[in-house]
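Q: For the sequence shown, my numbering assigns the number 1 to the initial residue and increments by one for each residue that follows.
Treat the hints as calculated values from the structure; they're not laboratory data. Treat the hints with care, since some could be wrong.
Simulated crosslink set (DSS-like; lysine-lysine; CA at most 27 Å straight-line) [claimed, not checked]: (1) K142 <-> K3; (2) K104 <-> K180; (3) K104 <-> K142; (4) K66 <-> K92; (5) K35 <-> K3.
Computed Cβ-Cβ distance ranges for the label pairs, DEER-style [claimed, not checked]: (6) S75 <-> N171: 25 to 35 Å; (7) T15 <-> T40: 28 to 38 Å; (8) E27 <-> V220: 20 to 30 Å; (9) S88 <-> V172: 26 to 36 Å; (10) M112 <-> V172: 25 to 35 Å; (11) L16 <-> K66: 44 to 54 Å; (12) L42 <-> P151: 13 to 23 Å.
The beta-carbon is built from N, C-alpha and C at its ideal position, and this holds for glycine as well.
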Amino acid sequence: MTKILIVEDEVGLVTLLKYNLEKQGYETLVCMDGKDVLTTALLENPDLILLDWMLPNISGIDLCQKIRKTYELRSVPIIMLTARGEESDKVKGLSYGADDYIVKPFSVPELMARIMALLRRITPVPVVRNLSYGDIEMDFSKRRVLRDGHPVHLGPTEFRLLQFLMEKPGNVLSREYLLKAVWGGSIHVELRTVDVHIRRLRLALNENGGRDIIRTVRSVGYALDSHLQDEE
């Protein structure tokens with residue numbers, strides 16, 4: 001059974017989330033204080049974390065960063081729940097490691113759709129195959145990425161972005177195309193979200209000193225290109 005960790009200190013919202021998630025067949029865990037989250041997540045190994053921005057003792061944004069720096073949890077998808085709706089706050093949340101962001105008050109059907117879409121992204125690819133480009137290798141059977149023999153640790157969203165880029169190396173994929181391919185067309189996600197996750201993908205790919213091979217075509221999109229320079 002898919003397990004979702006709810007990190008929220010509003011009792012009413014916790015009750016609402018538990019009821020609707022369990023109605024959809026998910027198992028739920030609850031942390032109402034940020035200091036308990038890492039311990040609970042390491043013990044219970046949740047499939048997804050719903051993380052409130054404002055928490056006692058530690059902010060959700062700092063907690064998100066700690067989760068991403070914890071090796072055992074770095075690939076667990078995170079949806080931030082927050083009343084902060086400014087674009088700069090959304091970008092900050094995504095930059096600190098969140099995979100998605102939803103602003104309170106939100107509709108329960110939209111949240112459920114976002115959860116299902118994010119969980120679909122981490123579902124193993126049914127066919128066993130590999131992709132390679134330059135010194136980058138993707139092994140779908142092991143859900144592993146290597147660059148020059150070194151493991152590249154990617155979240156589910158970055159993994160999917162890299163997959164689509166590697167399936168069409170050299171081709172410029174528009175932000176709109178990547179948005180629909182990775183997030184699905186039924187959920188509203190801003191184009192800026194693609195840029196944030198591409199930035200995270202770049203950092204992960206270049207972590208061991210590799211040369212940047214994601215080309216940015218201004219106002220259009222991105223391409224895997226080991227020869228051409230960025231147009232930024």
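Q: Each hint should be assessed against the structure and marked as holding or not.
A: Hints, one by one, checked against the model:
no., hint, result
1, K142 <-> K3, "21 Å, holds"
2, K104 <-> K180, "24 Å, holds"
3, K104 <-> K142, "37 Å, violated"
4, K66 <-> K92, "15 Å, holds"
5, K35 <-> K3, "20 Å, holds"
6, S75 <-> N171: 25 to 35 Å, "27 Å, holds"
7, T15 <-> T40: 28 to 38 Å, "19 Å, violated"
8, E27 <-> V220: 20 to 30 Å, "43 Å, violated"
9, S88 <-> V172: 26 to 36 Å, "28 Å, holds"
10, M112 <-> V172: 25 to 35 Å, "34 Å, holds"
11, L16 <-> K66: 44 to 54 Å, "26 Å, violated"
12, L42 <-> P151: 13 to 23 Å, "20 Å, holds"
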